[in-house]
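> The residues making up each chain are set out below.
Number of protein chains: 2
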Amino acid sequence: MLLQRLSLCRLVTCILSVSLARANGNSFAHRGELRQAKRIVVKLGSAVVTRGDECGLALGRLASVVEQVAMLQNQGREMMIVTSGAVAFGKQRLRHEILLSQSVRQALHSGQNQLKDMSVPVLEARACAAAGQSGLMALYEAMFTQYSTCTAQVLVTNLDFHDDQKRQNLNSTLQELLRMNIVPIINTNDAVVPPPEPNSDLQGVNVISIKDNDSLAARLAVEMKADLLIALSDVEGLYDSPPESDDAKLIDIFYPGDQQSITYGTKSRVGLGGMEAKVKAALWALQGGTSVVIANGTHPKVTGHVITDIVEGKKVGTFFSEVKPAGPTVEQQTEMARNSGRTLAALHPDQRGVIICHLADLLVEKKEEILAANKTDMDLAANAGQLSSALLNRLSLSPAKLNSLAIGLRQIAVASQDSVGRVLRRTRVAHNLELEQITVPIGVLLVIFEARPDCLPQVSALAIASGNALLAKGGKEAANTNRVLHELTQEALDIHGVKEAVQLVSTREEVEDLCRLDKMIDLIIPRGSSELVRNIQRAAKSIPVLGHSEGICHIYVDSEAAIDKVIKIVRDSKCDYPAACNAMETLLVHRDILRTTLFDQIIDMLRTERVKIHAGPRFASYLTFSPSEVKSLRTEYGDLECCIEVVDSMQEAIDHIHRYGSSHTDVIVTENEDTAEQFLQQLDSACVFWNASSRFADGYRFGLGAEVGISTARIHARGPVGLEGLLTTKWVLRGDGHTAADFSEHGTLKYLHENLPVTQPQPRQMTSSN
Amino acid sequence: MLLQRLSLCRLVTCILSVSLARANGNSFAHRGELRQAKRIVVKLGSAVVTRGDECGLALGRLASVVEQVAMLQNQGREMMIVTSGAVAFGKQRLRHEILLSQSVRQALHSGQNQLKDMSVPVLEARACAAAGQSGLMALYEAMFTQYSTCTAQVLVTNLDFHDDQKRQNLNSTLQELLRMNIVPIINTNDAVVPPPEPNSDLQGVNVISIKDNDSLAARLAVEMKADLLIALSDVEGLYDSPPESDDAKLIDIFYPGDQQSITYGTKSRVGLGGMEAKVKAALWALQGGTSVVIANGTHPKVTGHVITDIVEGKKVGTFFSEVKPAGPTVEQQTEMARNSGRTLAALHPDQRGVIICHLADLLVEKKEEILAANKTDMDLAANAGQLSSALLNRLSLSPAKLNSLAIGLRQIAVASQDSVGRVLRRTRVAHNLELEQITVPIGVLLVIFEARPDCLPQVSALAIASGNALLAKGGKEAANTNRVLHELTQEALDIHGVKEAVQLVSTREEVEDLCRLDKMIDLIIPRGSSELVRNIQRAAKSIPVLGHSEGICHIYVDSEAAIDKVIKIVRDSKCDYPAACNAMETLLVHRDILRTTLFDQIIDMLRTERVKIHAGPRFASYLTFSPSEVKSLRTEYGDLECCIEVVDSMQEAIDHIHRYGSSHTDVIVTENEDTAEQFLQQLDSACVFWNASSRFADGYRFGLGAEVGISTARIHARGPVGLEGLLTTKWVLRGDGHTAADFSEHGTLKYLHENLPVTQPQPRQMTSSN
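In order, the protein sequences belong to chains F and C.
FYI, the working numbering numbers position 219 of the first sequence as 219, with every residue one higher than the one before it.
FYI, the working numbering numbers position 747 of the second sequence as 747, with every residue one higher than the one before it.
Anything over 12 Å on all C-beta distances counts as not near chain F; from chain C, calculated:
| hint | residue |
| --- | --- |
| 1 | 36 |
| 2 | 328 |
| 3 | 372 |
| 4 | 380 |
| 5 | 601 |
What the simulated footprint calls covered on chain C by chain F, stretch by stretch (three residues with Cβ under 8 Å from a Cβ of chain F suffice, anywhere in the stretch; the number is not a length):
| hint | stretch |
| --- | --- |
| 6 | 429 to 443 |
| 7 | 560 to 567 |
| 8 | 629 to 637 |
| 9 | 677 to 684 |
| 10 | 688 to 697 |
| 11 | 734 to 745 |
No farther apart than 25 Å at their CA atoms in a straight line, the calculated lysine-lysine pairs in the BS3-like style are these:
| hint | chain 1 | residue 1 | chain 2 | residue 2 |
| --- | --- | --- | --- | --- |
| 12 | C | 519 | C | 314 |
| 13 | C | 301 | F | 541 |
| 14 | F | 631 | F | 612 |
| 15 | F | 301 | C | 314 |
| 16 | F | 301 | C | 315 |
| 17 | F | 519 | C | 541 |
| 18 | F | 249 | F | 314 |
| 19 | C | 280 | C | 324 |
| 20 | C | 249 | F | 631 |
| 21 | C | 315 | F | 541 |
| 22 | F | 314 | C | 301 |
| 23 | F | 750 | C | 401 |
| 24 | C | 631 | F | 249 |
| 25 | C | 541 | F | 541 |
| 26 | C | 519 | F | 541 |
| 27 | C | 280 | C | 225 |
| 28 | F | 476 | F | 499 |
| 29 | F | 301 | C | 541 |
| 30 | C | 324 | C | 314 |
| 31 | C | 301 | F | 301 |
| 32 | F | 631 | C | 519 |
| 33 | F | 541 | C | 314 |
| 34 | C | 401 | C | 366 |
| 35 | F | 314 | F | 38 |
| 36 | C | 750 | F | 401 |
These are calculated hints, taken from the structure and not from any lab test.
Backbone N, C-alpha and C fix where the C-beta goes; we use that ideal spot for every residue, glycine too.
Only chain F is shown next, with the shape it has when bound in the complex:
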């Protein structure tokens, strides 16, 4: 009765829910399509439901599963649960009963050992299941009630599936439950089934018996035409070889045809038996039109969102798909890039230069092809109507843009001459024992950029020039243009047989997933908005990220500042390109120039330029009618807005910047050289300027030639970064059988540590146009 009433209530809620498109009977091809899954079976293995000691349920995990299932149900999806756990629940209960039926007095007098024996009575699994079923269901119901979600218990046996009439009955019962917005919770009716016989019905994929919850879930999912089966256990997913072996890799997407490439372990818990049975069940479901994801439901860090993550298409566990995509996986791309990159690094600098110049030529020669692809992208963007004019502007290419891109590339080709293999240090450690420190590429770079397609040839050229392998991930909007540009890059690379060193990552790949490819990628470079950079810095936990996180730049106007310089510098720093990370955000003025003509002129200029002014607390206190007070002195406006604050001295300006700045670029305007030098010396920012606009903080303007980006990190590279930011070093020692013991107290040799001359590379002359 209560059940029925609640289900009515749920019906009401159901009307509000989004009506999702049903799949067309075929399984989904990509993880991204899982978002469309309407009918979902979640299978909870006993490792998920029970605790490690196998006595009792893992309540926290169970509760978060319920939380996620209820959430998905409330989105209008039709959720079903196939659960284990009745045995564990029953064991827990029966063990209590048995313990209690013994004499407590005897227990109290007994030693520890006897107590231990007592606490592990031998219990028959099917009896436990019967004893636990009711409690387990009560728990599910209590939990789901918290989310206004109604549940129903369904116990099935083998026969229910083999007998057509029974199967239809089961089917219509479940359909009716789903129609009423009830979550069916399904388990085997263990009390009435015979004990499982090993190896029956496992010969072919097409024959599947209900001997474990994996095959029950698969059977049920197909019977109910579910779109997705999520099978949670205590393994991450399917590995290409036994997980304990040296090179075992988790398979992201598994295709039925790949089955031969898998080596199952022989003895391990997740080997033959466990995993192979899971895979058979999964393939059976897949053949029946249900997509399958096998994932770990016991990992403390992800359990709270593993189900919703899977439904959102995130890379969790192993996804089973019938449709094998044409290209390689991103892991394979990375592998190819690394191998090809090693050959690229071993080329002569001239050869790398030739590749870059050839790419520059191709940009001009093949401009029709490029522009045609670009037009397709532009049209698609315009039709979608989602892009602002600024974004459309960034997306579009023109013959002029391609020309200047080609010029830029030729500059990179020049710069590439003295990048890789440069000797930085030579030491004679001892007679016939010489040490060299030389520059080498970092390895595999992942560069992520947004709409701008001109980024792709640029970063490709930078990677080639520095001998690094590259994974480039462009924006979806520029997909067609990027594909053509990447083909041209590979054409150029092919001159020296290193075509695969630069890989274009599919737009389907999530940035978040790429950021998790540690041990495969050595450095991530986001090129784009501060927001993009910040997101990537958050996502990339164990891979270094080169980029600016924040640009809270200050101009400090000293009491001895020259009026014309102040006006020029403040206007340029704020208004030249307000969205840039090197634009001024806070103007610090010395107290003495308040109420002077200079100050009035600054304010007039900012008004003329339509810069919105926010007052710092001290500045506000000086004014009768103050502009709006700042929310935080640590704000990056990125627009025609700035904060003005008053300081008593240069020292106070430095303190303010240290406290609220982001160590990006900070400027002093003064005619007093001593003051200026103290500011330059004491201020701890990547760029410190005297009487110059903050906008000079830029690789081109600094004359670094090719710009990799601007870094706010304190190690490796800081401020505007040239090609050097893409290099690391390696130590080469050439000896003649030398050992460390030779140099010990009782050894025969002494260290010389004589510094040998290094051919100093002539600094390049470079004319930048930007």
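Chain C: place on chain F using the hints.
Relative to the frame of chain F, chain C by itself:
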């Protein structure tokens, strides 16, 4: 009846539990002491128990709280829960009833808005509490049953505490429940209390009323003489100013005397009212002898272990302590170090040199004092009997050790001359616009080292030489020695008024907590075992770590290797110091030298040196009787053990090393120069050697003078790192009112980008003795 029976059962279990020492009536002074807490009250705020939308309970969170409480209870502690949630549970139930009592038809016909109105009936809180209490208790009982833990419901009102007789009744009931190993779950009996009146009884800390669960929990904790009260809500803890302000800092340990230094927010959710009441309740409990921790119980990443973390003494939330430790907190130390470090960085290189030399002098002058402190440490260690002789050896200092330490320090003083402020690059960007790139310190270093006390003066000297501030964290075993050595360091620093630039972190601080001080610390350098380094790399998520993670070094013996060199190099690489990260782990031999005299000699030598051999799979396949096969080719033995594997060619050796190595140090032994050069060029490791022992991978042996460590990172510094690894750069631009617009298409200026000469520092001559 069931309750009683279960409690008997729990009694039995109780006998097994560890009997913990009761606190002596005073609150704990340090977080570390919380491990001893026997009687613990866990207070769950409604934000923890209920979901964000406030209709229903947050089951997942509740379940993990139950899991933790049950675990602690099973350790033999006496747990009590003060819970909110009855109102939310009741609301959920009553809302259903009201919805259902309306005509479903009307609901189906109505628009969304009406439905929305319908779904939010106005419910009186106390009625909801009454309706929800039974369900909430049923849920707690169901959950705790899973952990064989029995619960009891206790509802209290204001009067129960004000009336002595009632209070005693409550006390003895609870005592009896605890005695029976039952977890009392306490809530206010809302149905019979009047609605709370604002601002009554809040005048003084000594008067406290039960108007919210915070004060109820405090009252109860004191009444029951609990050792610890854990108050969980949705705030991280207590901040020194409103959390939304620019500089709000979470207070780690709060002392009653500090109350004046707190600024509560006026309007925010966690401001006056919420937080101030929490603090009053906490201080009240503290006065009564109960320690208090206020923490966030809603953060998804920590909820699963927040309670156990607190009991384990981890830095979670705000800990209330009556005993203010003498020294500053580690956050204050970092602040002091950073400020003083900036002055240190601004000193003349000579001044930094003087400080280091003075420290060197002090090590010799004050050696009695140092050795006396060291003797104390040695005696304590010997008495504790926990340290191996190797560790005791590392811990001990001697006049000779101090002398050579002083010599090393004077070398660092020399090296410090050209570290900070060196000009690396000078560019004339335009007329009167000149750019310099100069070396500057990284900022604040955290160096963590183990037993060795000689590490402290060394790293202090390195930090001083590079102008960096330093937090040094030494091992507990060397606490006395480190304290004396640190005092001498500060005495030396005081010469130039930068005493605070080097801070010794208390041994009480957990390394894990220090690794979380991002934005305060710029680089972490672990000095010690690979295990220490790995642990720190795991713990430090957003601070870079400089160190070697693994050293899986290879020696490849080519077919054209000279027999005497092979024997010398392999012996030195494996046996000189097997625990070092630059010791050989895998010996790769060319197929052609198998079954040659050379190979027999290698095996004989390894046998003589008692090196245990593991066979790679290919090597094993060549032998009739093979040694034990390796578990993994990617093993760092760190002992007199190694793996031998066979390869077909130099190229295959490279492939093997790329696949299984750690890019640390790898060696080729061959007489063929072409083969050697290809190996050196193609192999992607930090150190690649030809005919020299892997043991040369070391800063001293490389002639870098002072060694910071060996890095297996690919960015910033790679391989052995000298002082340069502690430096970064800063860009200094000096102009005359220049703006970026001056150089635009329509501007009047053109970039010159003329490279100006840099005074090339003469490479230092240095004679190392190591």
